[in-house]
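2 protein chains.
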Amino acid sequence: MESLRFVLPQSEIPTHWYNVVADMPNPPLPPLAPDGKPATPEQMGAIFPMAILEQEMSSERWIQIPQPVREIYRLWRPSPLVRAARLEEMLGTPARIYYKNEGVSPAGSHKPNTAVAQAYYNKQAGIKRITTETGAGQWGCSMALAGQMFGLEVRVYMVKISYQQKPYRRSMMQTWGAEVFASPSAMTQTGRAALEKDPDNKGSLGLAISEAVEEAASRADTNYALGSVLNHVALHQTIIGLEARKQFELAGDWPDIVFAPCGGGSSFAGIAFPFIADNAAGGRNGKPVRLVAVEPSSCPSLTKGQYAYDFGDASGFTPLMKMFTLGHDFMPPGIHAGGLRYHGASPLVSQLYKEGLIEAMAVPQLATFEAGVRFAHAEGIIPAPESNHAIRAAIDEALRCKESGEAKTILVNLTGHGHFDMASYDRYFSGELEDFDYPEEAIKASLQHLPKFG
Amino acid sequence: MESLRFVLPQSEIPTHWYNVVADMPNPPLPPLAPDGKPATPEQMGAIFPMAILEQEMSSERWIQIPQPVREIYRLWRPSPLVRAARLEEMLGTPARIYYKNEGVSPAGSHKPNTAVAQAYYNKQAGIKRITTETGAGQWGCSMALAGQMFGLEVRVYMVKISYQQKPYRRSMMQTWGAEVFASPSAMTQTGRAALEKDPDNKGSLGLAISEAVEEAASRADTNYALGSVLNHVALHQTIIGLEARKQFELAGDWPDIVFAPCGGGSSFAGIAFPFIADNAAGGRNGKPVRLVAVEPSSCPSLTKGQYAYDFGDASGFTPLMKMFTLGHDFMPPGIHAGGLRYHGASPLVSQLYKEGLIEAMAVPQLATFEAGVRFAHAEGIIPAPESNHAIRAAIDEALRCKESGEAKTILVNLTGHGHFDMASYDRYFSGELEDFDYPEEAIKASLQHLPKFG
Numbered sequence: 031m032e033s034l035r036f037v038l039p040q041s042e043i044p045t046h047w048y049n050v051v052a053d054m055p056n057p058p059l060p061p062l063a064p065d066g067k068p069a070t071p072e073q074m075g076a077i078f079p080m081a082i083l084e085q086e087m088s089s090e091r092w093i094q095i096p097q098p099v100r101e102i103y104r105l106w107r108p109s110p111l112v113r114a115a116r117l118e119e120m121l122g123t124p125a126r127i128y129y130k131n132e133g134v135s136p137a138g139s140h141k142p143n144t145a146v147a148q149a150y151y152n153k154q155a156g157i158k159r160i161t162t163e164t165g166a167g168q169w170g171c172s173m174a175l176a177g178q179m180f181g182l183e184v185r186v187y188m189v190k191i192s193y194q195q196k197p198y199r200r201s202m203m204q205t206w207g208a209e210v211f212a213s214p215s216a217m218t219q220t221g222r223a224a225l226e227k228d229p230d231n232k233g234s235l236g237l238a239i240s241e242a243v244e245e246a247a248s249r250a251d252t253n254y255a256l257g258s259v260l261n262h263v264a265l266h267q268t269i270i271g272l273e274a275r276k277q278f279e280l281a282g283d284w285p286d287i288v289f290a291p292c293g294g295g296s297s298f299a300g301i302a303f304p305f306i307a308d309n310a311a312g313g314r315n316g317k318p319v320r321l322v323a324v325e326p327s328s329c330p331s332l333t334k335g336q337y338a339y340d341f342g343d344a345s346g347f348t349p350l351m352k353m354f355t356l357g358h359d360f361m362p363p364g365i366h367a368g369g370l371r372y373h374g375a376s377p378l379v380s381q382l383y384k385e386g387l388i389e390a391m392a393v394p395q396l397a398t399f400e401a402g403v404r405f406a407h408a409e410g411i412i413p414a415p416e417s418n419h420a421i422r423a424a425i426d427e428a429l430r431c432k433e434s435g436e437a438k439t440i441l442v443n444l445t446g447h448g449h450f451d452m453a454s455y456d457r458y459f460s461g462e463l464e465d466f467d468y469p470e471e472a473i474k475a476s477l478q479h480l481p482k483f484g
Numbered sequence: 031m032e033s034l035r036f037v038l039p040q041s042e043i044p045t046h047w048y049n050v051v052a053d054m055p056n057p058p059l060p061p062l063a064p065d066g067k068p069a070t071p072e073q074m075g076a077i078f079p080m081a082i083l084e085q086e087m088s089s090e091r092w093i094q095i096p097q098p099v100r101e102i103y104r105l106w107r108p109s110p111l112v113r114a115a116r117l118e119e120m121l122g123t124p125a126r127i128y129y130k131n132e133g134v135s136p137a138g139s140h141k142p143n144t145a146v147a148q149a150y151y152n153k154q155a156g157i158k159r160i161t162t163e164t165g166a167g168q169w170g171c172s173m174a175l176a177g178q179m180f181g182l183e184v185r186v187y188m189v190k191i192s193y194q195q196k197p198y199r200r201s202m203m204q205t206w207g208a209e210v211f212a213s214p215s216a217m218t219q220t221g222r223a224a225l226e227k228d229p230d231n232k233g234s235l236g237l238a239i240s241e242a243v244e245e246a247a248s249r250a251d252t253n254y255a256l257g258s259v260l261n262h263v264a265l266h267q268t269i270i271g272l273e274a275r276k277q278f279e280l281a282g283d284w285p286d287i288v289f290a291p292c293g294g295g296s297s298f299a300g301i302a303f304p305f306i307a308d309n310a311a312g313g314r315n316g317k318p319v320r321l322v323a324v325e326p327s328s329c330p331s332l333t334k335g336q337y338a339y340d341f342g343d344a345s346g347f348t349p350l351m352k353m354f355t356l357g358h359d360f361m362p363p364g365i366h367a368g369g370l371r372y373h374g375a376s377p378l379v380s381q382l383y384k385e386g387l388i389e390a391m392a393v394p395q396l397a398t399f400e401a402g403v404r405f406a407h408a409e410g411i412i413p414a415p416e417s418n419h420a421i422r423a424a425i426d427e428a429l430r431c432k433e434s435g436e437a438k439t440i441l442v443n444l445t446g447h448g449h450f451d452m453a454s455y456d457r458y459f460s461g462e463l464e465d466f467d468y469p470e471e472a473i474k475a476s477l478q479h480l481p482k483f484g
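These protein sequence lines are chains A and B, in that order. Numbering-wise, my numbering comes out as the position in the first sequence, counting from 1, plus 30. Numbering-wise, my numbering comes out as the position in the second sequence, counting from 1, plus 30.
Any given hint might turn out to be false.
You can't tell identical chains apart in this list, so a pair holds if it fits in one copy or across any two.
Claimed, not checked - Using 35 Å as the maximum straight-line C-alpha spacing, the simulated DSBU-like pairs for lysine-lysine come out as follows: (1) K67 / K276; (2) K196 / K232; (3) K474 / K153; (4) K474 / K158; (5) K482 / K153; (6) K438 / K474; (7) K474 / K317; (8) K334 / K474; (9) K432 / K196; (10) K482 / K276; (11) K438 / K153; (12) K474 / K227; (13) K438 / K196; (14) K158 / K432.
None of these hints come from the bench; they were simulated from the model.
One chain only, chain A, in its complex shape (with noise of 0.2 Å):
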């Protein structure tokens, strides 16, 4: 019986994080304070130890992941690369499909591979707590975890909406010690101006990262996490695509094309980065491997986007960063389920997708829920609503194989499982989610509040 899964020891757990800086074209455009003057590392260590400021600022090309990190992963990692051998067969294609397994996290999806990494520099730092924001609850989930591995207290501001509307995820960041607020909140400044205004107000994302920040950047036994878009946040996802290089190894084949979601871009750059090294080097069969960033067309920021100096919050807190985007208070429709609702893409996969390195794509949201339907029937697992976008463009890409006769591999990032998204699953069954045009008027008009300069 042949095998489906390509599992590494975990002595093959990887030692080093791989930075893509170091085989970028040119060097990454840096961050500016909202004067317009590059951000200094002063500005942002406030709420960010230093070893992490280093890292976000490096051209290294390889960085050592420390021991005790390696020792978290060791729970659940190396993750597994699996043959999509039944999903391959159903499709009747000659094409290879294999998936990069991140829902074998105890959180569920790729996150925790950053999140263990930041508690882990907080702590060493001295750092006693830890404050994030969290939308629908999967990020929140992951820092609850490494923060319980690290003995640092974690306190949550979730968007209230999501608080009342989705219990479980705060139940198990309460499992792992965490302390969650439904946002706007009374603990902080901003929390209790904006219930002033409004006291129904149901939070936003951009409302939650500012109670988040305010808390860290008022304590100074205190610090900020963040989810995605930033350069480590990136550089700690490689090791993704790290462990898939050495499984594919294992499998006696290489991918000719990687697909993986993109929203903040951090799914995407742990799976595709490593495989840029190779490129950089003219590949590894002569040929580079494509790298394909999916986002859904409801919040199409590579794709329809403008390349532009931007906030990297709603409400424009944050440094300044070059990115593609929709305009820092863009906001994806209502109707919009599968999460990836960020209105810009990390800094370093716009740049790279600017100088043509990698590829991005947009789908429309019935036809990624109609591909996860499709992969939990074949393969079992019924995948995160944002990894379903990487399997829409795997599964057309395979049969695009099959009229063409080409036995390409293929690899999807499967970033989580769906076990907390069964609500909008149920949506898309009682016929509740519709494709709509990617909404043109509305990002038009953020676009008219970008920053005047950069």
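Guided by the hints, dock chain B onto chain A, whose structure is given.
The following block gives chain B in isolation, referenced to the frame of chain A:
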């Protein structure tokens, strides 16, 4: 860095299930028909395929796993055996604690091990549709998954109160293509009668079984599937222990004691029975492995029940089985949140317990949740409440080792994850759950209703 996970290659997925009947000192007592005479295969053939009935009656030691079943097992098996090193450290124990993680299946528990086999044999017998019942949804999900894998229609009668309160387990079944009806339903005579009597009937497992059996018995193309209790179910689950034995060889270790949760008995049978083969031969290390079934003190069939012939279902529709039972109409108190609510224990488990080849213990519920939270803090994974029973027992054993200085090797069956049980954790955290003495009066009352022969 020491490896904590002992992962077998897929080529090592066992080729045969182990049938404990071959190593029992006495042959198992047969099921009886309602008239008190041994039930005939013909009587059971209306709802089960012949291949399964043969397994139910077999005394052959090894029974081959069909290749198509192994090919589905391959989607998640072999499941990992993991050393709980962080838990050991947290407890400060010299004991070595391992857990076999059955939560990695797409349905999140060990139940698909038998669901897949049952779907295969029914498909082979030309059956088009499977009916089954589900309470909280674990078994219904497993059967839905298995039906999808072999192209069988699956109809699940889900206890109405769960149907209303656990919509996400229902969505999961629907994602795998199953039809799910709230029971009592209008689909069967049993259901219609119950609804006529009380339109607000919230359902019970007994009623749902009756509906599923009624539909299966009345249609030639439809069979029924049961997720625990019966001999063939225990047989299919032995893949857990068979893998664990190989993994201990890989780890260079061997268990002194095995703990598994015990409701109907399939997860206990699955991990424990393969060690009975070793014990029958005197034990691998010159001493037998202790095999301990852990049940809730609110539903203590082995430790407080009577060894007698009783019905398998609450309504008295099934053949009679000799088992430790609390009486077929016993219901654990509503305050009990930990699963394992079945009134009896599998006839094989019961007979082995009666004959002293295995042990049993009961644990109160607050202690099980406390253990589950401690496990989540140490190992990351949030366990199913059922699994928490075994974890509680393992922690207590490890703490005894700390006292005595013994370095015992402990194996726990982590039967599933708790992603769909967060409401029970919520009740635990908010202080809604309580301990209580085992319900002596209720058990006395229901034992009055035992059939009067056998």
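### Hints that the structure is at odds with (numbers, increasing)
The structure conflicts with hints 1, 3, 4, 5, 6, 7, 9, 10 and 13, although it agrees with all the remaining ones.
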